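Protein sequences, first through last, are from chains A and B.
Under our numbering, the residue at position 102 of the first sequence is numbered 102, and the numbers go up by one with no gaps.
Under our numbering, the residue at position 3 of the second sequence is numbered 3, and the numbers go up by one with no gaps.
Worth flagging that the hints you see were computed from the coordinates, not collected in a lab.
Nothing here was measured: the structure is a model prediction, and the numbers come from that model.
Incorrect hints may have been included.
[Unchecked claim] Here's a subset of chain A near chain B, in silico, CB distances under 8 Å, partners left out:
hint	residue
1	105
2	106
3	110
[To be verified] Restricting the straight-line Cα-Cα distance to at most 25 Å, the calculated cross-link-like pairs of lysine-lysine (BS3-like) are:
hint	chain 1	residue 1	chain 2	residue 2
4	B	83	A	302
5	B	83	A	105
6	A	198	A	137
7	A	131	B	163
The beta carbon of each residue, even a glycine, is placed where N, CA and C say it ideally should be.
Each chain is listed here by its residues.
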Amino acid sequence: MTLLIDLEELCKSPISILQQYKNSGVKVFGYTCSYVPEELILSAGFQPYRISNIGASSSFLTPSFICPFASAVIENILKNEKYFSGFIAAHTCDPMWRLYDILKKKISKPLFLLRVPHNTQNEMSLEFFKKELYRLKKFLEENSGKAIVNQELLKAIQLCNENRSLLKNIYTANKDGKYVIDAFDRFQLTLASMWMPKLEINTRIKEFKPCTKLIRKVRIHLNGTAIYDLDLIKIVGESGGFIASDDLCTGSRYFWDNVEKTIDPIQGIAQRYLTRTPCTPQGPIESRLEYINFMIKKFKVKGIITFTEKFCDPLLYDSVHLRNYLMKDGIPVTLIEYENPAQELGRIKTRVEAFIESIGG
Amino acid sequence: MSQGKERSRILETTKKIAELIMDHFSKAWEAKSQNKPICWVTVFTPVELLYAMDVYPVSPEHFGAMCSARGMILDFLEEAERKGYSQNLCSYSRCGLGYAVSGMRGIMPPPDILLTFRNSCDVYVKWWQNLHMHLGTPLFIGEAPYVLDYEDLDNYTLDYVLKQLEQLITLLEEKFNLKFDMEKFVKTVKLSDKASQLWLEILKLRRVRPCPLGGRDSASDIFPLVVLQGTEDAVKFYEDLLKEVKEMVNKREGIIKEEKFRLLFDGIWLWYAFDLIKYFEDKKAVFVYEPYSEAWACKLDPSKPMESMARKILSMGLNVDIDIRIQRFLDSIKDYQIDGAVLFSNRSCKSWAAPQLVTAETLREKFNVPYLIFEADMADPRQYSEAQVKNRVDAFIEILEEHKCT
Numbered sequence: 001m002t003l004l005i006d007l008e009e010l011c012k013s014p015i016s017i018l019q020q021y022k023n024s025g026v027k028v029f030g031y032t033c034s035y036v037p038e039e040l041i042l043s044a045g046f047q048p049y050r051i052s053n054i055g056a057s058s059s060f061l062t063p064s065f066i067c068p069f070a071s072a073v074i075e076n077i078l079k080n081e082k083y084f085s086g087f088i089a090a091h092t093c094d095p096m097w098r099l100y101d102i103l104k105k106k107i108s109k110p111l112f113l114l115r116v117p118h119n120t121q122n123e124m125s126l127e128f129f130k131k132e133l134y135r136l137k138k139f140l141e142e143n144s145g146k147a148i149v150n151q152e153l154l155k156a157i158q159l160c161n162e163n164r165s166l167l168k169n170i171y172t173a174n175k176d177g178k179y180v181i182d183a184f185d186r187f188q189l190t191l192a193s194m195w196m197p198k199l200e201i202n203t204r205i206k207e208f209k210p211c212t213k214l215i216r217k218v219r220i221h222l223n224g225t226a227i228y229d230l231d232l233i234k235i236v237g238e239s240g241g242f243i244a245s246d247d248l249c250t251g252s253r254y255f256w257d258n259v260e261k262t263i264d265p266i267q268g269i270a271q272r273y274l275t276r277t278p279c280t281p282q283g284p285i286e287s288r289l290e291y292i293n294f295m296i297k298k299f300k301v302k303g304i305i306t307f308t309e310k311f312c313d314p315l316l317y318d319s320v321h322l323r324n325y326l327m328k329d330g331i332p333v334t335l336i337e338y339e340n341p342a343q344e345l346g347r348i349k350t351r352v353e354a355f356i357e358s359i360g361g
Numbered sequence: 001m002s003q004g005k006e007r008s009r010i011l012e013t014t015k016k017i018a019e020l021i022m023d024h025f026s027k028a029w030e031a032k033s034q035n036k037p038i039c040w041v042t043v044f045t046p047v048e049l050l051y052a053m054d055v056y057p058v059s060p061e062h063f064g065a066m067c068s069a070r071g072m073i074l075d076f077l078e079e080a081e082r083k084g085y086s087q088n089l090c091s092y093s094r095c096g097l098g099y100a101v102s103g104m105r106g107i108m109p110p111p112d113i114l115l116t117f118r119n120s121c122d123v124y125v126k127w128w129q130n131l132h133m134h135l136g137t138p139l140f141i142g143e144a145p146y147v148l149d150y151e152d153l154d155n156y157t158l159d160y161v162l163k164q165l166e167q168l169i170t171l172l173e174e175k176f177n178l179k180f181d182m183e184k185f186v187k188t189v190k191l192s193d194k195a196s197q198l199w200l201e202i203l204k205l206r207r208v209r210p211c212p213l214g215g216r217d218s219a220s221d222i223f224p225l226v227v228l229q230g231t232e233d234a235v236k237f238y239e240d241l242l243k244e245v246k247e248m249v250n251k252r253e254g255i256i257k258e259e260k261f262r263l264l265f266d267g268i269w270l271w272y273a274f275d276l277i278k279y280f281e282d283k284k285a286v287f288v289y290e291p292y293s294e295a296w297a298c299k300l301d302p303s304k305p306m307e308s309m310a311r312k313i314l315s316m317g318l319n320v321d322i323d324i325r326i327q328r329f330l331d332s333i334k335d336y337q338i339d340g341a342v343l344f345s346n347r348s349c350k351s352w353a354a355p356q357l358v359t360a361e362t363l364r365e366k367f368n369v370p371y372l373i374f375e376a377d378m379a380d381p382r383q384y385s386e387a388q389v390k391n392r393v394d395a396f397i398e399i400l401e402e403h404k405c406t
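Just chain B, with the same shape it has in the complex (with noise of 0.2 Å):
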């Protein structure tokens, strides 16, 4: 547990995450008490489409983050163990299913809907078909098939997506008796792309030596990418941190004090343990790079507001083909001076950490770049040994050491 444990610095903007995070679920109650539809979404489900037929989009994988990173989240897991969900199973369907059966009475509202884009990971539809089966909430499975090559972006597997979110509005119209405003929709659109662009922009931004914003700010930092996109707020949390991120790099000031190793995270960040970052920290060791950082954005054509958005469910991150996402990651070594990679075996996630070390071994082929895989779970703090894997990070800093002077 990170609690109570020294923490990395981080960005003034960054601070104001947790505010962003509270209004946030202080806006969906206040929905819920004017009657607005609460939907349960996955992440990169179009929330921008939801945002503009009012309804109001929560995510249970961010709550499940949240609770882990506050300490709060084993009393779900084990009340979803208790009703015999094993814990080899993902750690946000647990938290968020324990949620679900025992009653719902904390942050998140009850769900009116749910919904999913199968597009990161299977459990996606087993977590949510279970939701449906406990609760009875109205339940919309889409379906994003892996994108093998870019033409699937323009062929029938994009027409395919288009279908599905046809016929998700006639859903939600008849449902809950709204109406689709397609004036409404491409505004939303605007401002996702909008706060996309800054995102991407920021994170270019990274490049710089030293780095102006590291792991722990990153790891916040997406917050808005996940559940405002289509909001004024995300586009105004964005403006705020790229103008200090710029600052920053005005300054030649790096987030940590001395830069010596610059390492690319592969992973989602294990929220309970943030200390973590700063171990690596304190050995001159910044994170600049993490494809999951960057997966949020996506940039949308407000000219194509449908295709837009049938393309960023399609494409986010895992649901490319594996060379595409490998072609990522080397790039990103010469882009942002890549000294060592940092991938973590997250026993929640299947889906990304199966690939993992083909993934390494190509980097280290073509590269020579060291890596260091690690096991642990995302959200589950019984999964994670810190004793071990800190000593792990050791001898990775010891071989960047190494390496560095041949």
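This is chain A alone, in the form it adopts within the complex (with noise of 0.2 Å):
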């Protein structure tokens, strides 16, 4: 299948791809974080789709100190269940789980509660979240009519390490200082592997051209979880920075590692899910920690933005240990809060631009 999609076009409105789904009969399930494998969709035949809080503001049914974020993707999966086959939320942090008890209460489709252990290095957690994609490919078996095969689940699985490693050899081209993919583009990129078929975005990613005109700019890293509101991404560009490493899910640690040979392939995937670099409301801090110094050093980052919803509570928890730990290295560090981001770009942008200029931009 091959669809017409103009990359910046999808990512400012994503939901537009649900429409030319429907119209060639593919059935898309919907997931809402970077814990759920989109292996297992794929394999049941299913195309996944990851919902973002694009064109859509926070729901009436969440009170006004819950994350936006979360509650504007409630918003999105109600405004368009009918594109759906059926959705997958994961238990990662507060908002993420109780959108699940919203959700059950409020749509028809299919739901499934994927449940993340916080623990992620050990054994046990392991075993437990092995036994979570077991039942969750049981739940797509449900729904598609058919049983997953190891061949059709170690094709997706070659598929979407295809995808991860394409996106990360765009992202280490900036690494030792180059600068060589401009962020803007390297984000498109990632967000439309969420929302495009694999095979059409794998094209489009080989085919990339860098654009050879990037101008030397103060080096950022951007801390967070997920954004994909690229506007933030273009005023870090515009106020004189070059975001030349991150640690989000809707960035790096989404396509960081892959999903290595195991004889199960649900073990391989278990083990690349939960012990990838945590998310925040995962743990260990201290790995979350030792990913950005990693990060800093690979991309010679000068300063660190952390861009966070209001109500983020994982990101506000984090962010006094964040300061204390690069601190002790002389790495400046500034958190952005906001709540609408369409409606507050100027001053997050004059916050990031005094920001760049006090580490000399």
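Mind assembling these two chains? They're in different frames, but the hints should get you there.
Here it is in structure tokens:
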């Protein structure tokens, strides 16, 4: 299947691709979090589609002090339920957990909650997570009406591994202080990988031509969880910054590690998803700090910007230690909170400019 | 702030809670002086196991509630905020972190180990990680996956928690040179079960009209089930309370003089604003049921102590599927003859607050029960607008009046 997709347009309105899927008879499963293995969805014959906050504001079903991102994801699911064959949520943080509760009472399509252990680095958690993946496999089989055979699963793993390797190649082109790939392009390709058919996005990544006129700017690491609004990426560039690296789940954490070949493919998937660099609500915090430190060194970063949705508890707790940890090495950090980035771009840009100026941009 | 303001009538036994709290902390310090390990726990962790191993548990959540009720919380909150913790974070956690980073020179002894199970919220994980980072104290974070249906209390989910309990015992044995004694554990499990059964019996008596035990009592009376499960003190307290409540029932005496509206309260109480309960009571409205009060009681089977413990950790109030939680609400409407529901949208407890609206909608759809949702914080008085909340209470009481007439 080939879809006519303009990447920039897709990133502005990811929902637009859903009508094309519908017209082409492609069945789509929505998922909310990067801990949900796309491989399993693909092997069941469904197109995975990560639900973003783009195009929605906070849902009236949640209180005003709940993470506006999770709330907008609920809103997007409610608005677009008709395009999906079902949904997979994941328990990572409180709002993403309770999103499942709310959806369970509000939607009629099949819904699954993947329980992701916080302790990502022990055998017991891995065993538990594996069993959760078997439960997910069964759920998908029930919804597709056919068994997932290992051959299909291995094919899906290969496809996803190729996508991740391609994205990582693009990403690491900026290592060691190089200015090769603009962050906007990079994020665009990463986000599109969560929405487009894998074969097609893989072809696009292979065809991608880097911009040759990149200006040397202050190298920034972007810290956070999920960022879909590419205007936030743009304003860092417009303010004299170059996003050399990140630890976002819509960025490097989405593709950094591949699934390794194992006799039981579920074992490999469980290992990859659980033991990759943890998201802020998962632990241990030291692993995240180490990953950020690794990124800073590999990509010669001069300062760190944390972009966070207001009321994002995990990031707000972590930020205290991130600051303490990086201050030892003299790396400046700033935390910028927002509720609705589209309405707050001016204020956010002023903060970013001031930060970049302060570190010599 | 409720200090200096008129408060509700409370039972004679409830008045003993203050003494019990002081006794708990003095025992904690005594344990500290004898070099027994002090464990900071989040609630719904296996304190029965700790008592059986001579590890003394204290609860920073309870400490936060107590500081708030006594008007002593602001110093700790501000200390945490100076360290960079946002005002949008859980106030219990800010209080606990503020206390930890300011030298721990108060009533709660410093920890030798930090223990939590992720069963109420994910804040536990971040809070405990942050304490660990500040204090360098050993940390045990247990998992208690969301109970999707009752099968999870028997399948691989239960096994996962059981294995973690084994791991916890090994850690305590190795770290503090202790020996796990099954007999002692069975004893604490029996005591915990006894205290829970007594509390459930007491709560059941609130179904009687007039209600013998009000919201002000239940808010305080849960304390023994927070950190004293597995002790004789907890059993003794609930025996006394049950006796008093039974006497009230026999005399047909209610906790308020005239009972017109019987209310459900959903949430943790606002510890600094007990006068709000009085405000309801002055309008002849009495709180007769709170899912929060009930959540503390857990039936345990002393013949299967470890499994019981694992099930208790898993099945605490907020960690079970929303349909099970809603069913408890629905059952209470009939059992307790509820006229209206008050849902406290607690800025500190996002895990609780997030699905409250869909819960309330179900109540209205199934039983046409009016509800009030108001926003504030459980422990941070700066996030409470008294006039606004009371204004909404007035409007709600008017609705209840109209509803009674129709």
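Hints and how they fare:
1. 105: 4 Å, holds
2. 106: With a minimum Cβ separation of about 7 Å from chain B (threshold 8 Å), the hint on residue 106 of chain A holds.
3. 110: 14 Å, violated
4. B:83 with A:302: Distance of about 24 Å is within 25 Å: holds.
5. B:83 with A:105: 40 Å, violated
6. A:198 with A:137: Holds. Residue 198 of chain A to residue 137 of chain A sits at ~20 Å (cutoff 25 Å).
7. A:131 with B:163: Roughly 15 Å between the alpha carbons, so the hint for residue 131 of chain A and residue 163 of chain B holds.
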